[in-house]
Amino acid sequence: MLLVFIETRDGKIKKSSFEALGEAARRAAELGAPVAAALVGPADAGLDAELFARGAARVFRLESPAFAAYSAQDYALALKTLADEVKPAAVFLSATAMGKDLAPRLAAKLDAAMASDCTKVAVEGGSLEFTRPIFAGKAFATLRLKSAPAIATLRPNVFAAAAPCGGTGETIVKAVAVPDGAVAGRVAEILKESGAEIDVGEAEVIISGGRGLKGPENFALLRELAALIPRAAVGASRSAVDSGWIGHSHQVGQTGKTVSPNLYVAVGISGAIQHLAGMSSSKVIVAVNKDPEAPIFKVADYGIVGDLFQVVPALKDELKKIFAE
Amino acid sequence: MEILVFVKRVPDTESKIRVNPETRSVVEDGLNFVISPFDEFAVEEALRLREAGTGKVTVLSVGPDETTVILKKCLAMGADEAVLIKDAGRETYDGLRTAKLIAAAVRKRFPQFDLLLFGKQSVGADNGQVPSMTAELLGLPQANVAVKLEIDGGRGVVRREIEGATEKVEFSLPAVVSAQKGLNEPRYETLKGIMAAKKKVIPVITPEELGLTNDDIAPRVEVVKIETPAARQAGKIIPGSPEEAAKALVGLLRNEAKVL
Chain A
9 MLLVFIETRD
19 GKIKKSSFEA
29 LGEAARRAAE
39 LGAPVAAALV
49 GPADAGLDAE
59 LFARGAARVF
69 RLESPAFAAY
79 SAQDYALALK
89 TLADEVKPAA
99 VFLSATAMGK
109 DLAPRLAAKL
119 DAAMASDCTK
129 VAVEGGSLEF
139 TRPIFAGKAF
149 ATLRLKSAPA
159 IATLRPNVFA
169 AAAPCGGTGE
179 TIVKAVAVPD
189 GAVAGRVAEI
199 LKESGAEIDV
209 GEAEVIISGG
219 RGLKGPENFA
229 LLRELAALIP
239 RAAVGASRSA
249 VDSGWIGHSH
259 QVGQTGKTVS
269 PNLYVAVGIS
279 GAIQHLAGMS
289 SSKVIVAVNK
299 DPEAPIFKVA
309 DYGIVGDLFQ
319 VVPALKDELK
329 KIFAE
Chain B
74 MEILVFVKRV
84 PDTESKIRVN
94 PETRSVVEDG
104 LNFVISPFDE
114 FAVEEALRLR
124 EAGTGKVTVL
134 SVGPDETTVI
144 LKKCLAMGAD
154 EAVLIKDAGR
164 ETYDGLRTAK
174 LIAAAVRKRF
184 PQFDLLLFGK
194 QSVGADNGQV
204 PSMTAELLGL
214 PQANVAVKLE
224 IDGGRGVVRR
234 EIEGATEKVE
244 FSLPAVVSAQ
254 KGLNEPRYET
264 LKGIMAAKKK
274 VIPVITPEEL
284 GLTNDDIAPR
294 VEVVKIETPA
304 ARQAGKIIPG
314 SPEEAAKALV
324 GLLRNEAKVL
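Protein chains in written order, with the working numbering: chain A, 9 to 333; chain B, 74 to 333.
Simulated from the structure, these hints should not be mistaken for laboratory data. The beta-carbon is built from N, C-alpha and C at its ideal position, and this holds for glycine as well. A few of these clues could be false.
Ranges between beta-carbon positions, derived for each pair [what the hints assert, rightly or not]: (1) B/E295 with A/L199: 39 to 49 Å; (2) A/A332 with B/G313: 19 to 29 Å; (3) B/R97 with A/E38: 18 to 28 Å; (4) B/T127 with A/P300: 53 to 63 Å; (5) A/I281 with B/K309: 22 to 32 Å; (6) B/E124 with A/S135: 44 to 54 Å.
Given only the sequences and the hints, what does the whole structure look like? Please build it.
In structure tokens, the structure reads:
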């Protein structure tokens, strides 16, 4: 069995969890294994049908009053309890903030080897192989995990979710005993960043700015552009972040986030090696820079050599036209 | 506060990474090694906590002999002590193996502590596994990717970065906290600190001394292949005035690349 941890936020299944489920279903078909999904804590009854429709044959609902608020240790206990019983060959989680927090805790609990932030999963000789970026994508390592189960987190936006079909399946509810006096530590509150923008790690389109923007106020130009495009986020180069122009959560690169959006637009970014590492796996790259020699043009599919303060407003006008259609 | 900080020696972020397909590893010749950038935030946070109260900051690393260079840097920044847990140099990508070495060292040599600090991930292996795994092995609460840390008596509060927001995580001490960029601004070493660090001896602990056998620390992650990605090809430069180029670009993104 391949088991997929399903993450919800505001009562909805995250897109990245559907992607992990989709990949599990494809690899499970090769292995001739079933696919199961695990929901931890309170979740709307309607979610099961969505999971059956996208590849899960079984949905395990793991329940305890302790699961109302996320805690890595309690959620890991829930998944370990299930894994001990159903003995999956692998457990997949999304490499989201929660998945990255939870998966290694689960791996240690199960004494299992783990592959982080995978961008490819394959079946070779009957076992799973995981390919993942190292050095933020300057190289890729393909790993085999010599433990049962194997634990893997899958990078959002890389794997395809299965198209919904009219599948049905079985829901199994399990009460999990969380011992009193279990390790304390849980989420008390979630504080939204003002503007509540989409995170660069999950965005399908990223409009990124660098030193060429000349100051923090000009990120407004990029925000206006991003606001016109569905699921778009604003990113930044390290120098823009280190200059204090925008928060570090927007940084793309080796000390920021490694991203793989459908479209990455680099505005006023020269393309330092540690930045290129973080965004080179984007599907389509656009560069806008006044310096025709900027390294960013060497990786860009489309480039405009020009003054970003003229090009960005023109782009905004064009986008308005097409999205008005 | 007794604080243990775990740091890792990694190639700096300006490095061009070459790989050797035969040995299935990264070519280390010519690389400049530094303390992993996220670990620097952890060291800085430990020093600030000590300065705000009392206690001791001990910095530890799992790595080869050359790791003493980054441990000396931590001493020069102001850490009280540094210890090397000696390990072969080769990267295993096996986070649980590292966590087992760390957990054994903590249990055997540093049973009294309030806080274990890490960087949120090493720059390079980019695993981000060791802090949570160590927390689990030692039965401690965890708060990862911290952009703010407050300690008050026996409790801690971390604001940790999640997608488009931060989570407030409350926990009891002792605990594991991993640092994200933004937690603080790491200090530079002072000349006085560098001179003092030179005189300090860095004790070395071996896995055997921790009671770990070769079987205990045999990597369970097998590296099948390491490769560099195919270089992207430079694409089209779109000519014309800003308005003409913008129009052409949006057309290409929509009709040729089909991403809009």
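Structure-based check of each hint:
1. B/E295 with A/L199: 39 to 49 Å: holds (41 Å)
2. A/A332 with B/G313: 19 to 29 Å: holds (23 Å)
3. B/R97 with A/E38: 18 to 28 Å: Between B/R97 and A/E38, where Cβ atoms are some 24 Å apart, the hint holds.
4. B/T127 with A/P300: 53 to 63 Å: holds (58 Å)
5. A/I281 with B/K309: 22 to 32 Å: Taking Cβ atoms as reference, A/I281 and B/K309 lie about 23 Å apart, which means the hint holds.
6. B/E124 with A/S135: 44 to 54 Å: holds (51 Å)
In summary, this structure violates none of the numbered hints.
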